[in-house]
Every structure is written in structure tokens, then in C-alpha cells.
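**Q** Next come the chains, spelled out residue by residue.
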Amino acid sequence: MTEKNTPLWEVFIRARNGLSHKHVGSLHAVDSEMALQAARDVYTRRGEGQSVWVVRSSDIVASDPSEKEVMFEPTGSKIYRHPTFYDIPEDVGHM
Amino acid sequence: MYSQGLIGADGATHEDAAFLEAFQARIDAELKIEPNDPMPAGYRKTLVRQIAQHAHSEIVGMLPEGNWITRAPTLRRKAALLAKVQDEGGHGLYLYSAAETLGVSREELVDQLLSGKAKYSSIFNYPAITWADIGTIGWLVDGAAIMNQIPLCRCSFGPYARAMIRVCKEESFHQRQGYEIMLTLSRGSEEQKAMAQDALNRWWWPSLMMFGPHDADSTHSDQSMAWKIKRFTNDELRQKFIDATVPQAEFLGLTMPDPDMKWNEEKGGYDHGEIDWDEFWRVVKGDGICNRDRMKARRKAHDDNAWVREAALAYADKAAARETAVAAE
Ligand SMILES: [Fe+2]
Ligand SMILES: [Fe+2]
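Quick mapping for you: the protein sequence lines, in order, are chains A and B.
Position 79 of the first sequence, counting from 1, maps to 79 under the numbering used here, and the rest follow consecutively.
In short: position in the second sequence from 1, add 1000, done, that's the numbering used here.
If you are wondering where the hints come from, they were derived from the structure by calculation, not from laboratory data.
It should be emphasised that the depicted structure is a prediction, and the values quoted were computed from it without experimental measurement.
From the three backbone atoms N, C-alpha and C, an ideal C-beta is built for every residue, glycine too.
Be aware that one or more of the hints could be misleading.
Here are a few chain A residues that face chain B, going by a calculated C-beta distance under 8 angstroms [as the list claims (entries may be wrong)]:
#1 28
#2 30
#3 34
Isolated chain B (complex conformation) (with noise of 0.2 angstroms):
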């Protein structure tokens, strides 16, 4: 998610030299730019568009899962999935927070994710199609986020870091949930483990393409990080995640499915084979597997929830009338 938040995002800006001169200033000392202080068009433009994006894949992360929790194996895994759900819907409400801080508004967010227009992470256009996803997913899905999501913890705007603070507080529950239902299944049955390899296999790639195009490829990338909104590069955050999860996945007996993955001694991490970057391009642009029902869920959820917000706005206002009345007596 997150580092796909940049895709596209302009960070031309038209401040004259010595208000960007200053506001670089303020980001270089390593102070913490608030919603009412002065900063360049551009800056608050990328910010909009990375949050709204980041907070529409919370909101759409809930799906795959979601559609789990109801044939979730045992009580025990009922319940963590459903807690860790309520956690990604709680992850989307803080981050559109934090967005409607830079003045746009909750209404118009909703609008831009329903109506297409904005983004979310190419990651959530797969689908969940065994419980093995489920593992795989908090496993690498949630670890790939996290380790996009720590170093935004100190990102140069202050609400997007806060946000990020509290985020990173549960994603760990998330990933550690995913890993020990690959560890049950991974120790179990030979069909089991088949299943757990098979979700890997499927999820390994896209999982690895959440990062965001290769460096060398990432327009306007360089601008974020400048304004430190980034502080590690598409291609460092993705070798990071290979180097903590290749382990792990040889803790668990299951192989990655990449022939060319073999350990670099000179660079002290993992070389891997080339990511389908067609695949990922084809994703965005809306033909990946689920977009098109990731996206009627949504306006499906929208439109059906529509009367409850009308009679809870008629409820309310119906009530201050009456308090009106009354205090008029």
C-alpha cells in the first residue's frame, strides 16, 4: 500500500525559492510540520493522495479477510480474525483522519475510492480462496505492511506519523496470528502443508510488488523522500522483507516459490528473480483478479448503509430541535 500511495503523486509545488528554502529547513531539522502550518501545494497534495490511499486499503484489506471469519477453523481463530479485521477498520478510520487534517473532507474520500478515482494497494485484488490465505496473508501481507508502515511512524507530518504510532501498536498481533496459523498447518497434515505451500505460492509475488516499483521506475519519489513523507526506498523496504522472511518461511519447512532466490554474501541479503511487473501494472489499472468485486462490495456497503446514516442525521436532528424548543420555553 503505502509506498504504491505514490504512484503518480505530483510533488510539484509553485512556492517561491525562499518558502520552500525555509519549509526544507523546518524537515531537516527533523520538525514535525502540523496541519496548520505553512507548506508547499505539493506537499500537502502528495500527503492527501498517500494517506487517502493508505486509508482506502485498510478499508478494502477488510474484504479478503472478512470473508473468512465465518468458516474460520475453531473459536480461538474466530475470534483473532475478527478481532484483527476490526483493527483494519479501525487502521482506515484513523488514517482518513488524518487525511481530512489537510482539508479534504471524509465525504469527498469516501467518493473518490467508490467512484474509482483514487487508489488502494494492488495487494487486496487477490483473493482469499483457502484458510491457508488467511495465514499467508497476516503473515506476509501484514508483515510486508509493517515494514512500510515503521519508518512512516516518523514521517515529517505530524497526524500521518501519529496515526502510523498507533497502527504499528496492533499490526504486530496481525502478523503473529497469520505465522502460527502457517505453523499449524505447516506441522500438520501432508494435504495441510500442500495448502499452506500453495497459499505462498500465490502470495508471495504480489506480496512483494506491494513495495511499489523498482527505484530506478518510482517517479517522484525523490521529492518524498526530501520531504522525508518516505525515509527508505521502494527496493531497500522490499530487500528488508526478503531478508526477515526468507527465514521464517524455512522455519515453517515451505519453500519460496522463486528459483533464483539464493543468499548475496557481498550484499548480506537475498537476491531474487525478476517481479512480473506487467502483472502489477495490470493490477493497478483495475483488471487484477477481485477489483472489480473488491469495488462493488464497497458501493454495495454504501449504498445499503445509506438509510441508517439518513435516519441517524434525521435522529440527531430532530433531538437538538427538541433541545431548541425546550430551552426556548
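For reference, chain A alone in the conformation it holds in the complex (with noise of 0.2 angstroms):
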């Protein structure tokens, strides 16, 4: 028997309104339906939640782990984008 494997999705929760979806994990279902009571189950055992969202893992687009220089070094350079940059006398207080 040839079994086809199940697609495999990645779980994001909302611990509490006010934070952010996080992701927490991934797991294995065929539809959407079942993929959301899966996470229910085996990420939320514990009141870990308020809302989840599943995303089916080959929809994802990431960046190129091979090309992080390329894609992040040019702000590491950028040290004027951070407030430290200037110099602002003391006296003039808390900016």
C-alpha cells in the first residue's frame, strides 16, 4: 500500500489579546479543519490560548538562509538609524 503523506502545517497562538500570534509548532493534517483541531489538542492543553491560525508549511516564503548577509548586513552598517547616533548634551534632559 502507497500511502500519500499528510501535508504538514505550522501553528501560530494568541496567548492573550494584546500579544501577537506566535508560532508554537507544526504538525500533520489534510484539511485546514482538522489541522486546527489538532493544534487545539496539542497545543492548547493548558488554557495556552486564545486564538490559533494554521498555515499549511509549503505556503510559507522565507528568506534564503544562504543570502542573510546580503539580505540584513546592510543595517548592521546603519548605526544613524539608532537614537544613540547623536549627540545630545546632557543638559538638555531626557530625549
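Since each chain comes alone in its own frame, lean on the hints to assemble the complex.
**A** Listed below in C-alpha cells is the structure:
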């Protein structure tokens, strides 16, 4: 018997209102309805969540880890984007 | 489980020195390794093996306890045991997903368990004969698991460490419900007390074996320590477990089944008698009391449920086809 593999889903949970949804792990399910039910059973057995998102892993577009430098390096050198770059006399007070 | 997961794990790796040095520098700086980061093949292989074995242990570990759910003495105990066994299933699922981030599929992992190619912890090849065994499993087996799992929360591989944090949060209830059962029995009738002592006698030595072979006989352990997959040696963890557990047994009024067990003032810990490593290897190699039963039960569950997986997939395919048809209209 050749069985087809069951698709992989990523699970995101909002612990409570005021917080954003956070990735908690993944699971296998054939469709979105079963993915949601499984997410509830696997990841929220102790009131961990108020809201759950499930996303098919294959639908996630991710940055290429081998291009990490090209992607994120430029911001490293732009220290003028940080408040500490600017000299303000202490007399001015907190700013 | 856990430390047994490294038995035979060959961390041999063939990358050049510069690559390995850069990787080691990241590990030494306590930077987590994430799935898409460059890593030595040996690191990946070792982790897949350990995480998978850990996952299998959680799943097979449901069997000895699941067997007692219908026979729990009260509704309170039944609800607790049911929740605990469900947690263990959850632990298996968190761990399978962590292993999958390393590029192995769930189907392959399950297949390795069912074909006998992958192992699970030796402890689950012992039978749970009486209700006191359920107390002892929670107290000792989950207790030993906690000792092993707490340092794994700081494992260098991100997904494994995160899964362990979730697992550790849930384990404490497991150990407490087990100890509470033992407390009730050891404060009960003479028969109940004898039942508690008998369970301790049978589970004590196998629990010590959960930590794996002595450091001197534990191959590949150094590499796992250097890569911070492992933070303490088998003997260190075993010692911690013994030192934590002996006073708990005393509180219950039970006797450790080890005449050589005594406090060693100098090392600030208990000395213990020799572990029967022949028994350990027999069980690891498949000749424990329950190895065959456990595998039979897993295979049967997998086969009996095949139609459910097929039906769910067929339903999903049909629903998807219907949606495409509607969209095309
Ligand atoms: Fe567990
Ligand atoms: Fe547990």
C-alpha cells in the first residue's frame, strides 16, 4: 500500500488579547479543519491560547539563509538609524 | 530515554576544519542553531537520531499507562491518568516536528519505529502489573525523564530546546500525580503498602538504566557534549536523580531495593550498588519482558488506523477538487 504523505502545517497561537500570534510548532493534517482541531489538542491543553492560526508549511515564503548577509547586513552599518548615534548635551534632559 | 538516544549515535563528520571550527565557535558562544543554518552532517545525524528516539519513547510510553486508564481506582485518578497519557502523546508530536525540521519526514520516522530500526527507551519494555506501578512510573520514570529533559531545554539546537521547554512545563504534574498515588498507598493498609514497595522494587533499577551506560562505556558522548546537545554526562544525571529520590522514598516509608545504597559524606551524594548492565543490553536489543508486545501494539494501531488516514486524505482531495471546479465556473 502506498500512502500519500499528510501535509505539514505551522501553528501560531495568540496567548491572550494584546499579544501577537506566535509560532509554537507544527503538525500534520489533511485539511485546514483538521489542522485547527489538531492544533487545539496538541498545543493548547492548558489554556495556552485565545486564538489559533494554522498555515500550510508549503505556503510560507522564507528568506534564503545563504543570503542572510545580503539581506540583513546593510542595516548593521546604518548606525545613524539608532538614537544613540546622535550627541545631545545632557543639559537638554531626557530625549 | 534521551541519553539512551545517543547509544550508537555516530557523530563522525567530514567537513573541513575551518567549517567545523566556525560551527564550534557558534556553539561555544551559546548561539542556537536553527534548521536552515549550516551544520556538520554528524550534528544533524546525531540530533535526528536522538530526537526521534525521544519521540518514539513518548509514544510507546503511552502503552504501559494507557492500559490502566479503565482500571483507575477513582474518577479523580482516571481523569489525571488520562490527561497524563494525552500529554505524552503531545510530547511525541512536538518532538517528531522538531526532528522533521532536520529534513526527515514523519512517515520515515514512524516507519523506523515500526520496522524496529529505531529504538525507544528501555524503560517502556517493563510491564505495569499493579496500580502501584502507575504511581511508581509517574514518580520515578517521569522523575528520571525530568532530570534528563531540564538540561535539554538549553540544547544547542533551537527546535529541540523549544520543544523541551513545553515538555518540561507539563512533566511536573506527571511526577506529582505519581508521587501522590504512592503517598496514598504507603499511608494505606498493609497490603497497599506492600504493593507500593513491590512496585518500587521492580522499577528502581530500570529507572536508573534510563540514564544510559556509565560514562566510561558511553561512546560518542564527548562529541555530543562539545556540540552542547548534551550538557551533563549519564553518570552525573543518574547521581542527581538518586540524590533527589532517596529522601522521597524515605518520606513514603519505603526501602530502596539496594543494600549498597548509602550516603557518602565526602561526595555529598549517595553511593549505589552495581547496575545489571547485562539486563540493560538485553532489553535494548529487544529481549525485555514487553519489547514484542509493545511493537505489536504500535503496529496494530498503525494498521488498524490506515483506513482513517486514507479516508481523510480522500475527503480532503475531493473537497479541494470541488473548490477548484467552483472557482473555474
Ligand atoms: Fe513525556
Ligand atoms: Fe511525562
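**Q** For each hint, tell me whether it holds in the structure or not.
**A** Checked hints:
1. Contact between residue 28 of chain A and chain B, as hinted, is supported at the beta carbon level, the nearest pair being about 6 angstroms apart and thus within 8 angstroms.
2. At about 4 angstroms, the closest approach between the beta carbon of residue 30 of chain A and any beta carbon in chain B falls short of 8 angstroms, and the interface hint on this residue holds.
3. Because the smallest distance between the Cβ of residue 34 of chain A and any Cβ of chain B comes to about 7 angstroms, under 8 angstroms, the interface hint for this residue holds.
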